[in-house]
Amino acid sequence: MTPSAQLVSRRHEGGWSLVEMTISLFLIISIAVFGLQTMIAGWNLQNWSIMQSMTDAYAGIETAYAQRWTFASIPTSNRWPVYPLSSSTVVIIGKTPKGPVNATVVRTSHAYNDPLTGAQSYMLESYVTYKDHLRQYCKVSKVYRDE
Amino acid sequence: MKRTTGQQSGFTLIELTLVVSVSVMIATALVGMLNLHLQTMNQAAQYRFVAKDAPFIGLLMTKTIGNAEDYRIFASRANAVAGTPAAPAVLTGPAVRLWMRQPNSTSTNIDQTYREAILSFESIGGSQGIYFFLAGNNGTFPTAPSWELAGVPLTAATFEATSGVLLVTLNGSYGDQYTFAAEKK
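Note that the protein sequences, when read in sequence, are chains A and B. Everything in the first sequence is counted per my numbering, starting at 1 for the first residue and increasing by one. Everything in the second sequence is counted per my numbering, starting at 1 for the first residue and increasing by one.
Check each hint, because a few of them may be wrong.
Stated by the list, open to error - When the alpha-carbon atoms are kept at most 25 Å apart in a straight line, the in silico BS3-like pairs for lysine-lysine are as follows:
{"id": "1", "chain 1": "B", "residue 1": "K63", "chain 2": "A", "residue 2": "K131"}
{"id": "2", "chain 1": "A", "residue 1": "K98", "chain 2": "B", "residue 2": "K52"}
{"id": "3", "chain 1": "B", "residue 1": "K52", "chain 2": "B", "residue 2": "K63"}
{"id": "4", "chain 1": "A", "residue 1": "K131", "chain 2": "A", "residue 2": "K142"}
{"id": "5", "chain 1": "A", "residue 1": "K142", "chain 2": "B", "residue 2": "K63"}
{"id": "6", "chain 1": "B", "residue 1": "K52", "chain 2": "A", "residue 2": "K131"}
{"id": "7", "chain 1": "A", "residue 1": "K98", "chain 2": "A", "residue 2": "K142"}
{"id": "8", "chain 1": "A", "residue 1": "K95", "chain 2": "B", "residue 2": "K52"}
{"id": "9", "chain 1": "A", "residue 1": "K131", "chain 2": "A", "residue 2": "K98"}
Claimed, not checked - Some residues of chain A that are not near chain B, with every Cβ distance over 10 Å (derived):
{"id": "10", "residue": "L25"}
{"id": "11", "residue": "I29"}
{"id": "12", "residue": "Y65"}
{"id": "13", "residue": "W69"}
{"id": "14", "residue": "T76"}
{"id": "15", "residue": "N78"}
{"id": "16", "residue": "S86"}
{"id": "17", "residue": "S87"}
{"id": "18", "residue": "K95"}
{"id": "19", "residue": "G99"}
{"id": "20", "residue": "T108"}
{"id": "21", "residue": "G118"}
{"id": "22", "residue": "M123"}
{"id": "23", "residue": "H133"}
{"id": "24", "residue": "Q136"}
{"id": "25", "residue": "C138"}
Don't read these hints as lab results, they were simulated from the structure. All values reported here derive from a predicted model rather than from experimental measurement. Glycine included, every Cβ here is placed at the ideal spot set by N, Cα and C.
Start from the sequences, fold in the hints, and give me the full structure.
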């Protein structure tokens, strides 16, 4: 290449280098943003999974109490008021490194009296509800108790 | 001085300034994102216990304890081995003694009718965890654990009897906690 041809080539490269650098940096930042979005999606999924397992565990606790509650105390303890009444309690269902995790437990029951035998029975219902930034979730525990 | 076309080699000051400015802006943004990335990764690692480990330990313990017909909670494994009345049972403690009915047993001797086991959170050989001690057919508990049910990153496990329900609370390293009822479902 002759010296004059080299000068012409440099003159052209001088203008293009800024464009090339901007494009490459734009590509790098696009990849970084994509990676960040993927990571945040993973983070949200992990939080969702934590809430699912904690609410499942609490619904299991509600089931265990409903199975073990002294039958004669069910109508008097007022833990499961007879429908349409209900009780609502905010409970701590677990703790994360950030702090306690709260959920709301709504309890109610349906009482049945067998007309033939006079036997009393109850359907004890507990609804564990919680909200994240998008939607509300509910886990149900239903236990049938009879004499 | 008159500039000739042949002397215009390299970049102009404006070009260089623009390139440096854009580079600095993008580098700042990248460093910020890298920082955020590292923070999120660190947080995800801290949440690993409640997200992955604790539910699995809970499932395993529910299966194990769910097989028992009866249980008693004790302040330590030594107390659980001694049993009542030598050592009093408590409502909250790190060890639980389980009674599991033996299939096809016709004996009236309680040691032969039930197989006994102890689940205990303790440190053995410098390793904290929940250990399972299965008694032999003569009712004697081994000194070494039969199995290790859970280890690191578990930092504490507490058994609690409330209204007949056996609650188990597992603690992680970052103040995280997971509670479940170890009952037959």
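Quick rundown of the hints versus the structure:
{"no.": "1", "hint": "B:K63 to A:K131", "result": "violated, 30 Å"}
{"no.": "2", "hint": "A:K98 to B:K52", "result": "holds, 17 Å"}
{"no.": "3", "hint": "B:K52 to B:K63", "result": "holds, 17 Å"}
{"no.": "4", "hint": "A:K131 to A:K142", "result": "holds, 21 Å"}
{"no.": "5", "hint": "A:K142 to B:K63", "result": "holds, 21 Å"}
{"no.": "6", "hint": "B:K52 to A:K131", "result": "holds, 21 Å"}
{"no.": "7", "hint": "A:K98 to A:K142", "result": "violated, 31 Å"}
{"no.": "8", "hint": "A:K95 to B:K52", "result": "holds, 14 Å"}
{"no.": "9", "hint": "A:K131 to A:K98", "result": "holds, 17 Å"}
{"no.": "10", "hint": "L25", "result": "violated, 5 Å"}
{"no.": "11", "hint": "I29", "result": "violated, 6 Å"}
{"no.": "12", "hint": "Y65", "result": "violated, 6 Å"}
{"no.": "13", "hint": "W69", "result": "violated, 7 Å"}
{"no.": "14", "hint": "T76", "result": "holds, 15 Å"}
{"no.": "15", "hint": "N78", "result": "holds, 15 Å"}
{"no.": "16", "hint": "S86", "result": "holds, 21 Å"}
{"no.": "17", "hint": "S87", "result": "holds, 17 Å"}
{"no.": "18", "hint": "K95", "result": "violated, 4 Å"}
{"no.": "19", "hint": "G99", "result": "violated, 8 Å"}
{"no.": "20", "hint": "T108", "result": "holds, 19 Å"}
{"no.": "21", "hint": "G118", "result": "holds, 27 Å"}
{"no.": "22", "hint": "M123", "result": "holds, 18 Å"}
{"no.": "23", "hint": "H133", "result": "holds, 16 Å"}
{"no.": "24", "hint": "Q136", "result": "holds, 21 Å"}
{"no.": "25", "hint": "C138", "result": "holds, 19 Å"}
Against the hints set out earlier in the document, violations occur for numbers 1, 7, 10, 11, 12, 13, 18 and 19.
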